[in-house]
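As numbered in mature numbering (1 follows the signal peptide of the UniProt record, and there is no 0), residues -18 to -1, 1 to 146 make up the sequence shown, in order.
There may be inaccurate statements among the hints.
[Claimed, not checked] Straight-line Cα separation of at most 25 Å, SDA-like style, residue types lysine to any residue; simulated pairs:
no.	residue 1	residue 2
1	K19	K115
2	K46	Y77
3	K71	A131
4	K46	S142
5	K40	E96
6	K129	T113
[Claimed, not checked] So the derived label-pair ranges between C-beta atoms look like this:
no.	residue 1	residue 2	range
7	R4	P145	30 to 38 Å
8	E2	S142	30 to 38 Å
9	A116	P49	19 to 27 Å
10	L130	K40	34 to 42 Å
11	G33	L130	18 to 26 Å
12	A37	A131	15 to 23 Å
13	L130	K46	37 to 45 Å
These are computed hints drawn from the structure, not numbers from a lab. We put the beta carbon where it would ideally sit given N, CA and C, even for glycine.
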Amino acid sequence: MKSLLAALLLSCCTLVQAAEVRFDNFYFYQSEAVMTKKGITVDNLGRYSRGVQSAVYKALKSAKLSPSAGYLVIAIRSDGDVATWLDMKPTVHEYYDNQIYETVRRLQPPLIKEGIFVFAIKMAIDTPVHTKKAVPNPPGFDEARKKLADPNSIEHLVLSLWPE
């Protein structure tokens, strides 16, 4: 009887799975010319984004999350500081949002020559379906845009949300 109970408990434990995080396309808020001026190359962004994806995957691998899809938005300042925002539906719990933020902050970002570089990566948690949303727009971005003289400037938008 004890061995049957142990086998049943073991089988139940294997049914509970950790979060499966998948990444897909990038979205660039800035033009290729601006990215080049800031010092972003395919190589340094590729290395950094692979590091981000791996670190986020490891950070969430033991988490129990509801299926969600959207974007992980990352901003990197020329002083090396990094900020993140999630644009996910349904919204990811604040605890895991903060866990992702802290995980990404610990990584060494590419060197930005001047200003701020902002990009996003499509991210899906526990679903094979990525968002069909073309442009990431995390919570707070619309309200911040309304207060700007140039609402199309991603650098001004990010600075209004993340002052130096």
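We went through each hint and held it up to the structure:
1. K19 <-> K115: Measuring from Cα to Cα gives roughly 28 Å; hence the hint is violated.
2. K46 <-> Y77: 12 Å, holds
3. K71 <-> A131: At roughly 29 Å apart (the allowed maximum being 25 Å), A131 and K71 break the hint.
4. K46 <-> S142: The given pair, whose Cα atoms are some 33 Å apart, is violated under the 25 Å limit.
5. K40 <-> E96: The given pair, whose Cα atoms are some 31 Å apart, is violated under the 25 Å limit.
6. K129 <-> T113: 28 Å, violated
7. R4 <-> P145: 30 to 38 Å: Given about 33 Å between the Cβ atoms, the range holds.
8. E2 <-> S142: 30 to 38 Å: The hint (30 to 38 Å, Cβ to Cβ) holds, given that E2 and S142 are roughly 35 Å apart.
9. A116 <-> P49: 19 to 27 Å: 21 Å, holds
10. L130 <-> K40: 34 to 42 Å: 36 Å, holds
11. G33 <-> L130: 18 to 26 Å: Given about 31 Å between the Cβ atoms, the range is violated.
12. A37 <-> A131: 15 to 23 Å: 36 Å, violated
13. L130 <-> K46: 37 to 45 Å: 39 Å, holds
When the structure is compared with the earlier hints, violations turn up for hints 1, 3, 4, 5, 6, 11 and 12 and for no others.
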